[in-house]
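**Q** Single-letter residue listing:
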Amino acid sequence: MRRASGSEVLGRVVETLKRLGAESVTVTQEGVVLSTVTKDRLRDFVRALIREYGESLRHSTCMGTDLRPVRGSFSVTHVLALDGLRLYLLVETEAFGNRPKVPSLTPLLPAANWAEREARDLLGIEFEGHPEPVKLILPDPWPEGVFPLRKDYPYNKKLYETPAQVRGVRGEPRFFSAKPSPPSESVREGCALIPVGPYHPALHEPEYYELYVEGERIVEARYRGFFVHRGMEKLAESRMTINQVPFLAERICGICGYTHACAYCQAVEAAARIEVPERALYIRSILLEIERLHSHILWFGVAFHMLGFDTGFMAMWRIREEVMRVAEALTGNRKTYGMNLVGGVRRDIDEGKASLVLRMLESVEGEFRRFCDSVLSMREVVERVKEVGVLTREDARRLGAVGPHARASGLGIDVRVDHPYAAYRFVDVNVAVRDSCDVLARILVRYDEVIESVRLIRELLKNMPKGELMAEYGDLPPLRVGLGATEAPRGEDIHLVITGRGNKLYRWRPRAPSYVNLATVPTMLEGERLANAPIIIASIDPCFSCTDHVVVVDLRTGVRRRMNLLRNALTRG
Amino acid sequence: MGTWFRRSTWVFHLNSGSCNGCDIEVLNMFAPTQDVERLGVKLVGSPLHADVIVFTGPVTFQALPYVIEALKAVPNPKAVVACGSCACGGGIWHDSYNVVGGINALYEILDALGIPRPPTVYVPGCPPKPEAMMYGVLLARGMVGQRQRREVYVEEVKEVEAPQDVREVVAKAVKAFRGGEA
Amino acid sequence: MVEGLGKRVVTEAYPWAPLEVPEGFRGKPVIDPEKCVGCGSCVNACPPNALTLSDDGRHRVVKLFLGRCIFCGRCEEVCPFNAIELTKEFELATSSTEDLVQEVRLVMAKCTVCGRPYATLREVRKVAESLPENLRGLAYVCPDCRGRISSYFVGFARR
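Chains as they are written, first to last, in this note's numbering: chain A, 310 to 882; chain B, 36 to 217; chain C, -3 to 155.
If you're looking for bench data, these hints aren't it; they were derived computationally from the structure. We put the CB at the ideal spot given by N, CA and C, even for glycine. Any given hint could turn out to be false.
Said to hold, decoys possible - Label pairs and their computed distance ranges (CB to CB): (1) B:Arg73 with C:Val74: 36 to 46 Å; (2) B:Gly75 with C:Glu85: 18 to 28 Å; (3) A:Asn465 with B:Asn111: 32 to 42 Å; (4) C:Val26 with A:Arg408: 44 to 54 Å; (5) C:Val26 with A:Asp659: 22 to 32 Å; (6) C:Glu73 with A:Thr701: 44 to 54 Å; (7) A:Ile359 with C:Glu85: 54 to 64 Å; (8) A:Gly721 with B:Gly149: 55 to 65 Å; (9) C:Pro128 with A:Leu667: 48 to 58 Å; (10) A:Pro378 with C:Thr48: 26 to 36 Å; (11) C:Glu94 with A:Ala663: 40 to 50 Å; (12) A:Arg668 with C:Glu73: 26 to 36 Å.
Next up, chain A with everything else stripped away, as it sits in the complex (with noise of 0.2 Å):
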């Protein structure tokens, strides 16, 4: 019902883009148009656009460039999305001068917040108007006004060069605090204040969260996170070359690491105009599905334990390891497939490793189906998960909620249908939708996504074409922007490449599925119980190295009481 022609909705595209006062309008690979516009109207014209598309127009991401060695200005682009008629808009603008300013689209889009707060961090980007102008990613101690994104920077520059600069004046470490800097500034009066984190016994990353509660009821939770900032971004527009990328681009994850190895695939493929052979694009949706499987019984686990169950996270795991097993046998690693190159995959799924997965499949379902129809089965559970961590549609659509997290709350939205890539081009996914926007309605969509998974895997095994692995082709032109999207495990996973010279990129932005699904997550908490606060928190299976590609959190315990355990004792000893 969606497929309208594609020629006809992006010429009518082009068209509103260019009335709305777009200075340029170039359609840059299959559904992805770019406008330019000068930043006095950037502001009226995202705000016609909104008037113009409303409800379906979906702020993604946002990536700032330094671009003055190539043209004297810095640029800023937003990703905005129009799923239902499977197109990305990038709305570029351009700001000249060393502190360049240009206005921030929080106050029209909230999901733009943490983009635009990253661009004035690591760049050094002001946004006029934004709400909360404050520091979000880069550490603590980090001197004002550096900015390591700008191109003068040295990648290697790290922020104490030497052992002794960590000393301070009487042998303790000189940037130590006792806690991280509060995620906001205001304190919030007459509650009780509840730090978790940075280490704690319910958290497996370092983060740091602080809730606000009255009695048993939490008021507010804040967040400061990017703990794992890793200066991905740097690393791969100084150091590496176009093949090197995809390792360092799975390394944001270790759980959906591939996915995002495709992405990051697919942005330079559009940008240098590489055609994928087919069948290396099903090996691709073969192993991006291996890995929602084996993400999805993973989370399965951890909201069972989160929910005292841990019979339910040890059934799980063993279901998933033999998912690991077939990983292991068809790519070599468990966790980081490797796979991809630009243009294609590195190894083949012969007969024999087909026979492999299928047998996996066949194992899996059934198990996986008996475990779980009769835990849901069970009143305990579902009464523990129901009308609990309630997102409402109009939140989720108005925070930018993504991935199995916005179609618990009745959003159709799904990447692999609505911008489809790889092998979703030659299947039809069914997608999960739920209207009860709670954590069972999570859990009863990420239950879906498994059956279909293997539905898929086998369809796709099914109909695999012959042929080569790789594209051939030659150096990349320089300064083409590409755009790769995947539906990760957890949601749209978006990739934004810039090529450069010598095949190398001159700048790629990642943004992975949770950094916009945990701005959901002070909504949830908010009136709820604090015994609830884990599995709501797990509930949209965060994956803070993901958020912080740089980054990774993961909350797999129950948030206690005694959350200050540590840091109690670590003041007494």
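Got chain A sorted already, so can you dock chains B and C onto it with the hints?
**A** This is chains B and C only, laid out in the frame that chain A set:
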């Protein structure tokens, strides 16, 4: 590594900014298939309860102070199992602006702060298989021997010079070139 | 759920029994020092700089540091001499990072004209073998000197 951890070993998992790959594999050790608990290894939630720290990640600057505090909080005698290539030597991030670059770089900072280095076992891999981590934990306990050793190969060549005929030809060429110059 | 209890044991015997890893497993990379010529293809491809190249005057040192290796297998893919390959070895734990190093030291060839070391002897000999008899001498000359005297060789070849 001594005999401190011969019997049961309680481990605290410390993530200093890793991608989650190693962290999930650490958890995987405790899942039914590998089940290290049968060897007396138990995952604990607080560094105060731990004998061994399973350390992952390349140490980001934002996490650095808290990593140091957590390391200090583990009572002595303790040992560290550095899991994954990031922890062993900084991995793919080793020279990035926001990472310290692996556990040895962290130890240099500990030296500067006057904190003793705990004995350490290094488990490279990206991520290492859960079994490889298990092997590392067992190595720390002295239950298995170390298999991986430094290997250095030095090529021995008697005749470094070019063959006689080549030298003659080249000498001629040089002469001809000089002649052309003159 | 109860019916599944005790049906089969999923826990593997490792570490009491060796563990089979599948064909194509990406384990420890090993350089075959007899085959390596020190050309540096793997060093250029290596994403984490686990493979590095340095010259100490007499030797060219190809160093593989597993403490950075991400086990991607790009080195194996690009090596023109099949001198590096990923093995099935995964029990790599050590008590010192020193033990995570493999070093291959290859003798450098000195330029027949200026005497400067410019490539490994093995690489030079490989190049020399691939050249026609009358041009072979060029392989033993460093790139700088080669530019200056090559006209002689070209003329020589025409004759």
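**Q** Each hint needs a verdict: does it hold in this structure or not?
**A** Taking the hints in turn, this is what the structure says about them:
no., hint, verdict
1, B:Arg73 with C:Val74: 36 to 46 Å, "holds (42 Å)"
2, B:Gly75 with C:Glu85: 18 to 28 Å, "holds (26 Å)"
3, A:Asn465 with B:Asn111: 32 to 42 Å, "holds (35 Å)"
4, C:Val26 with A:Arg408: 44 to 54 Å, "holds (52 Å)"
5, C:Val26 with A:Asp659: 22 to 32 Å, "holds (26 Å)"
6, C:Glu73 with A:Thr701: 44 to 54 Å, "holds (50 Å)"
7, A:Ile359 with C:Glu85: 54 to 64 Å, "holds (58 Å)"
8, A:Gly721 with B:Gly149: 55 to 65 Å, "holds (59 Å)"
9, C:Pro128 with A:Leu667: 48 to 58 Å, "holds (55 Å)"
10, A:Pro378 with C:Thr48: 26 to 36 Å, "holds (29 Å)"
11, C:Glu94 with A:Ala663: 40 to 50 Å, "holds (44 Å)"
12, A:Arg668 with C:Glu73: 26 to 36 Å, "holds (29 Å)"
Violation of the numbered hints given earlier is absent; every hint is satisfied by the structure.
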